[in-house]
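Go ahead and model the full structure; you've got the sequences and the hints to work with.
Number of protein chains: 8
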Amino acid sequence: MNHADIQEILRLHARGELTTDQATERIKHLSFEDIGYARVDHARASRQGFPEVIFGQGKTREQILGIFEKLIQRSPNVLITRTTDEVFGDIRNILTDAEWHESAKVIRVLRDKTELGMGEICVVTAGTSDIPVAEEAALTAEAMGNRVKRVWDAGVAGIHRLLAEREVLQDARVVVVVAGMEGALPSVVGGLVGVPVIAVPTSIGYGASFGGIAALLGMLNSCASNVTVVNIDNGFGAGFVASLINRTR
Amino acid sequence: MNHADIQEILRLHARGELTTDQATERIKHLSFEDIGYARVDHARASRQGFPEVIFGQGKTREQILGIFEKLIQRSPNVLITRTTDEVFGDIRNILTDAEWHESAKVIRVLRDKTELGMGEICVVTAGTSDIPVAEEAALTAEAMGNRVKRVWDAGVAGIHRLLAEREVLQDARVVVVVAGMEGALPSVVGGLVGVPVIAVPTSIGYGASFGGIAALLGMLNSCASNVTVVNIDNGFGAGFVASLINRTR
Amino acid sequence: MNHADIQEILRLHARGELTTDQATERIKHLSFEDIGYARVDHARASRQGFPEVIFGQGKTREQILGIFEKLIQRSPNVLITRTTDEVFGDIRNILTDAEWHESAKVIRVLRDKTELGMGEICVVTAGTSDIPVAEEAALTAEAMGNRVKRVWDAGVAGIHRLLAEREVLQDARVVVVVAGMEGALPSVVGGLVGVPVIAVPTSIGYGASFGGIAALLGMLNSCASNVTVVNIDNGFGAGFVASLINRTR
Amino acid sequence: MNHADIQEILRLHARGELTTDQATERIKHLSFEDIGYARVDHARASRQGFPEVIFGQGKTREQILGIFEKLIQRSPNVLITRTTDEVFGDIRNILTDAEWHESAKVIRVLRDKTELGMGEICVVTAGTSDIPVAEEAALTAEAMGNRVKRVWDAGVAGIHRLLAEREVLQDARVVVVVAGMEGALPSVVGGLVGVPVIAVPTSIGYGASFGGIAALLGMLNSCASNVTVVNIDNGFGAGFVASLINRTR
Amino acid sequence: MNHADIQEILRLHARGELTTDQATERIKHLSFEDIGYARVDHARASRQGFPEVIFGQGKTREQILGIFEKLIQRSPNVLITRTTDEVFGDIRNILTDAEWHESAKVIRVLRDKTELGMGEICVVTAGTSDIPVAEEAALTAEAMGNRVKRVWDAGVAGIHRLLAEREVLQDARVVVVVAGMEGALPSVVGGLVGVPVIAVPTSIGYGASFGGIAALLGMLNSCASNVTVVNIDNGFGAGFVASLINRTR
Amino acid sequence: MNHADIQEILRLHARGELTTDQATERIKHLSFEDIGYARVDHARASRQGFPEVIFGQGKTREQILGIFEKLIQRSPNVLITRTTDEVFGDIRNILTDAEWHESAKVIRVLRDKTELGMGEICVVTAGTSDIPVAEEAALTAEAMGNRVKRVWDAGVAGIHRLLAEREVLQDARVVVVVAGMEGALPSVVGGLVGVPVIAVPTSIGYGASFGGIAALLGMLNSCASNVTVVNIDNGFGAGFVASLINRTR
Amino acid sequence: MNHADIQEILRLHARGELTTDQATERIKHLSFEDIGYARVDHARASRQGFPEVIFGQGKTREQILGIFEKLIQRSPNVLITRTTDEVFGDIRNILTDAEWHESAKVIRVLRDKTELGMGEICVVTAGTSDIPVAEEAALTAEAMGNRVKRVWDAGVAGIHRLLAEREVLQDARVVVVVAGMEGALPSVVGGLVGVPVIAVPTSIGYGASFGGIAALLGMLNSCASNVTVVNIDNGFGAGFVASLINRTR
Amino acid sequence: MNHADIQEILRLHARGELTTDQATERIKHLSFEDIGYARVDHARASRQGFPEVIFGQGKTREQILGIFEKLIQRSPNVLITRTTDEVFGDIRNILTDAEWHESAKVIRVLRDKTELGMGEICVVTAGTSDIPVAEEAALTAEAMGNRVKRVWDAGVAGIHRLLAEREVLQDARVVVVVAGMEGALPSVVGGLVGVPVIAVPTSIGYGASFGGIAALLGMLNSCASNVTVVNIDNGFGAGFVASLINRTR
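Chains as they are written, first to last, in the working numbering: chain X, 1 to 249; chain G, 1 to 249; chain H, 1 to 249; chain F, 1 to 249; chain B, 1 to 249; chain S, 1 to 249; chain D, 1 to 249; chain Z, 1 to 249.
Hints were generated in silico from the structure; no laboratory data involved.
In this text, a Cβ means the ideal position worked out from N, Cα and C, and glycines have one as well.
Certain hints may be false.
[As the list claims (entries may be wrong)] Away from chain H, derived, C-beta distances all over 10 Å, residues of chain X:
#	residue
1	Arg11
2	His13
3	Ala14
4	Asp85
5	Glu99
6	Lys105
7	Arg108
8	Leu116
9	Gly119
10	Pro132
11	Leu163
12	Asp233
13	Asn234
[Claimed, not checked] To be clear about the criterion: a stretch of chain Z counts as covered by chain S if any three or more of its residues have a C-beta under 8 Å from a C-beta of chain S, and this derived list gives those stretches:
#	segment
14	54 to 64
15	220 to 233
[Claimed, not checked] Sample of chain D residues at the chain S side, in silico, Cβ under 8 Å:
#	residue
16	Gly183
17	Ala208
18	Gly211
19	Ala214
20	Leu217
21	Ser222
Structural data, given as structure tokens:
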């Protein structure tokens, strides 16, 4: 809920141009809009400093479209994550400047490109197969006004590949590390840098990786003190928090 | 490894006052010191922006003391976590200004109190039993140059107790939320603030809390996008990362 | 087994119009009917105060139809849960007033609409993706003679969306809360109301939600004392128990 | 928060006997009282229809006493669960009519004995070792104004022992079933009665009972539709919800 | 390895009609036959008192046929479990008297029908969906020379359905109980009979049944002392052991 | 419930020497006796063919004694498992011929030594540390009228130690195999004999043995078809079922 | 990084034929080559004594081809594991002497067949279904210059089938044992030989095998001291380590 | 069983100095000796190339002594692992040259110090708390005739501490890596060396380390191909296999 919007309503009410009931209704509407299957949350932008994101998984095509139409009226930038190219077809009909990122399965509308970060965000992957999750993080961070540096396939079993990027890592304000299998990379990166490291376990692996549990546990038990963790495959969350850290308040 | 220290050694070597072997040895010593059972890491301070911490659990009393003696020579501030009052007795003999924090089981030497943060760190607990872990986070953040605001016992089943602190929460640059049982508090706090929230699951609970697993899973699956998670009962890690986020680079 | 039915048989037997063997056989038949692959249980209605439900999953199309034909002869209301539109096609051929609820995958025959509850049942979901499970609960409660109030998409990360429904919640005799991911909603609702809350974890989520385990554990560990839990995705069970609670005895 | 209390404050304020600040402070105090390590919640009684309970586990003796002293000033009935006879000694010094229930480890103050339930609550155990948890449920239900019927040691491997109590079970308005090991009893009881069954898994068992997980899973998967479940060993919660169900609104 | 076969070889060798090498080779062949991808085990029949069974899952169609052709030369009765109707088509081409059991996914060749058991084996299921696993057990037991009594859909939530079969249960020499969900049935049956009960958990259920784990744990923790357990869905194993128990030695 | 006992009561009732109420009461008493904390089950002996056993764990010393006193009046043989030498002291005061088996923690009263088995029961352990559980099985089987052969420390990593006992194994009517760690022994024994093998996992091991889970899973997945499994450390259950198998009906 | 290659660059640099920058670039290139989605690691060959392997799972067809083209320029032998026959079609277009191993899903280029091992590697499976994983191990070991002996279908439930191969096992320098279900085979083999045994659990089994967890735990808890374990289905890793052990340094 | 020993018995038998029964008995005795609670295995030395080890955990003091007395008669070197200083007191009374290693809880008799390895074994730990397990590995390897290099406290979060030991690592014939928490060290070491790496997870850590599971899973999922794994805390096994690898055949 935007301060100016509320003050305007209060002024109108004080001048008698709105009844108390009308003012109440408008204020409630500023906060969220009930469209039956969803309560579209206009307050979140000001509350969390970011335009709305639609988490596509588990929603029908119709539901995603319905929510998108409400959001795009008020917010310049919108992300739809975990979605499909069918949904992108629908979105494209509504808004021609929407982008489709195949590997990350992300639809992005990016109309406000103001830079908001105080430094650079570096996103690193352990392997080639971790790239889709890392892209989700990078696309999110860019959409929130950050410069992003991508370092792909720098896993710990060939430590020289990582050490070759030491400078890039040490220049970042925050580092996102994406890794499956044993999830060891955040610990090594955490030791090389003096900034927060956000670790993203991926479901990449087989057998005793148990769909990302091995990587998740490895990251939670990291011996580097500057590591925090998000859910398995949650590239969006990592990019989001990295952006909040990088933002001057 | 401090830049100035290295340059001094290089100067001495260039002037012939140190042989190459002597210079090499000194440089290695700047980085870490091998005392048999441990490699005391002097590089970490500059690398991670913080004096050394000794993780007490699993180390003998002699080992903790030995490491402490090396560290205190070079670092004004030292933390010993997960330790006992017996160890504190030993430390007190060496250094009279060490503090003992009973509830958190932390020994703290705090000689450099320069303020380094750009804002305030808020530490919140869901219940009374979560306070020891939260104190570990708060003590760590203070030792790293931050102002800390404590909010205890504001769990979600009495949401009015939390909402009463909404202003305090919204003033913070980063919030640490400590909760056991179902671990729901970080999601609610995450929705109220626009800054990073670091969630610390605690082992508080019984039955199907499984020593903190329920809380940990709840936090990893948080529907609030600004939440990251550290290990169960890892108050230190949360305080450490919160400090890094709050620090102007 | 209906009291009147038994008394009638006993009367006939006492008057010698039924032999002991015939009476025994009739009494057994009152209780259940063996149709080979299933023992259709006519006793359950009087025993549990509700017409029969067929759990569709794991049964063949033929088995569901066979059981349905027996039940519909004695019971005005029948539910078939976890079924398909193919089965609905078959049922429609037998009984034209059967309803098909696509999102919940429920077939419902609702011929007796007597209101039996003392108050209202409120069904709440955390997100849009939880609606199918919540609908199963709502449809069940309606079929058992209750008025149902639906509140969709009121998750804890936007607590104002939930608080906006505080009155609706506080008017209910029992609340069913349906949530996936971290499953925090029942705790918050539990704190807002003074009636029983039935929590239904859903398999909605990804990564460390482990198909609903995270939500289940969160709910079992709820810090609100008025919360009980049913199996993951068990909307039917929640609606059933809510109806029993709401029923005047 | 009691309606009358608020109205009194408002009246005083309207008459100018309280400043706005004083009124605000008093209203906040009506809701909860911050005593440092805990926010004593006076609102909960009216919100959930029951005097406060102190969960003893994980709190120090001093903390329990401190909270108790605040609560006993406003609430006639208080429970302290998961506590020790040492704490009882302390409580006894403050209040001579406190009761100590050794097997359940419960301290109870029961000064208001008004009957509030519409029927009887029946508490059943599968074995002798489950009695402590069942007692916690029974003591809680009694403290909330209910008549309670206890049936101990009626496990399913000797089904005649249970069937012998069929009448008692069928007379209850709600049944609490407490069982460890395979946790099968709630399903059988659920089939015998037409009212809600609250299942409490206990940590009784060994080997693959995994501290109550086997019983918990058994209960969650119950084939009886009238069963809901609370946390392992959570007798208090079961007694609490049973009371809410039994209460006329 | 058949005693008579060995003695014949020894006799031939003693009379010089076989060299030592030839005799050795023949004896080895009596025991098993290496066909590359499998070691067909002719010794097992005499060792375990039963013709060979081919576990179909994880083997290619060619491998199953190859093994079958070796076995059918020496054994009158052969079972192929966890197989498909495609494989049955192939088998039918080789042997016209093979039977296909659709629900159990079993191919059976049953040429020796000698009755070998001392009593009757009773196979019971909790629900309709458990029938396929129970059929595997029943088909196996019949193929090993036993009379089998089937009791389907007698789960514990309608205990009168089970008690109606009390006599059948008490007449059996061994009872196989097949149940999914909470797996409570073996405990109840175990209490009703004085013979060994073999419990087979099935993967029937959803949510917290975890593919049969709930039922498995329930059965392992049975409070009835006469219950032993086999793997989830292992109808074959249950039928096999039941046959061994029923066999006069 | 003994047939003769019931017939006597019926006779007395028919002759008018007992009122209907008195007869009913006596019949109920034949079946079980309610002593408050336990329902002592006199029916079990006839129902399961064995005198009563008291599972000591989780019962107080007073409860064990109380139950024992009831049982010893009607049953010549009684076992108390998972008990202590303190309890044995109490029992010894009541009954001087009670035996104390230190390693198995079993108290045994063995006054009826009739041999009831048709063959011999062989109990095998993988290691020395598995002996206590195996002794519990052996003591139980002896108390149920069986000859028992003990084979200790014959684990699979020294297969020659097991093969040396091949004859003993092959002479048994049923084999109990007790093993911790990887639990591989039942599979090997199962392949050597043609009778039922009852596998008992033990909690012996460390690390990834997880208190017996590794052994339990190994046994449930045995590739030998004649293996069934009981709970971890459940020597009593294994001895009990082995006795039922060995018993001529 | 090959010694000779580095020395050549140094010589050129010393003679002034390469600038320092050019030399640096060439040296870096010797180590790895960044192709965007992957850092192709030329150093690994010399570092681990083996040509590169491409792990196919989770990589797109284009990525596999791109990496393959870089590797084949420098390495005579290349393996692509967990791949498809579609990829093989693509590879075949580039290099006609590539082999396709259907059962193991491996593409192999084997141009350097120098024998490098000091003895023979024996690969054993418990069952027919374990062959694909075992083939991956055998193909890898052959590609690393070893003679390999295959022993298929020698599981522990027919111990005579294994003992028949005792000589083959005892002749090997290292044994790879591949088993699913209970994973008991490595323990038995470990007891028969005096060399390292590498155990590979497979995901073969059903029910409580949990996709290989049962076998994995069995192997980790092996009572044979010469057993180490690799990930579930990791035939490649087992073949790789077996080759390193067999290699004369 | 030693070849020479057998041949001597055969010679004596052939010359008639031993009857067939006597010879048989002696041969059996060569292999193992039954002392009631254990089968002392004299064959293992020749079979696995190493003197006997007694695993102390779970054995009584008397059992350890009894086994030790048998072993020490035939084997120059004996290890007792997971034991106590009380047992050492007993052993010292029998044999004055036994060594007590407090940190590893190992008793060692080391009378034959022949060097048997072809290279050096390097044992590395991630932290100070991992030393006890690493010492068990090192003591074992020394007892089997190897030179051992110890590198303590070289965890991945300070990668420069590990890289400082690169030469030591690369000189070894086999490396044992001991690590708790996230278990990342074996992957990094695996990438630095071209020889087999044996990873030992330790139970060091807290919270989501789950007693070593996190480290175990990390190691099983290592992206370095030369890593195999032993059980949590199994230092002995790692030292044993490292010795077998290092041994010239």
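Proposed interface contact between glycine 183 of chain D and chain S, which counts if any beta carbon pair is under 8 Å: Holds. Min distance 7 Å.
Given as non-interface: alanine 14 of chain X, partner chain H, CB spacing beyond 10 Å: 24 Å, holds
Status of the stated non-contact between glycine 119 of chain X and chain H (beta carbon gap over 10 Å): 28 Å, holds
Closest CB of chain H to the CB of leucine 163 of chain X still more than 10 Å away: 30 Å, holds
Check of the segment 220 to 233 of chain Z against chain S for coverage (Cβ-Cβ below 8 Å, three residues minimum): holds (count 3)
Aspartate 233 of chain X remote from chain H - nearest C-beta pair above 10 Å: 5 Å, violated
Closest CB of chain H to the CB of proline 132 of chain X still more than 10 Å away: Nearest chain H Cβ is 13 Å from proline 132 of chain X, so the label holds.
Evaluation of the interface hint that places alanine 208 of chain D against chain S, nearest CB under 8 Å: 4 Å, holds
10 Å cut-off, C-beta based - leucine 116 of chain X kept clear of every residue in chain H: At roughly 22 Å from the nearest Cβ of chain H, leucine 116 of chain X sits farther out than 10 Å, so the non-interface label holds.
Least C-beta distance from aspartate 85 of chain X to chain H larger than 10 Å: Aspartate 85 of chain X is indeed farther than 10 Å from all Cβ atoms of chain H, at 20 Å.
Chain S contact restraint on serine 222 of chain D - CB to CB distance below 8 Å: At 5 Å from the nearest chain S Cβ, serine 222 of chain D passes the 8 Å test, so the hint holds.
Verdict on lysine 105 of chain X as a residue remote from chain H, using beta-carbon distances over 10 Å: 12 Å, holds
Consistency note: the structure conflicts with the earlier hints numbered 12, 13, 18.
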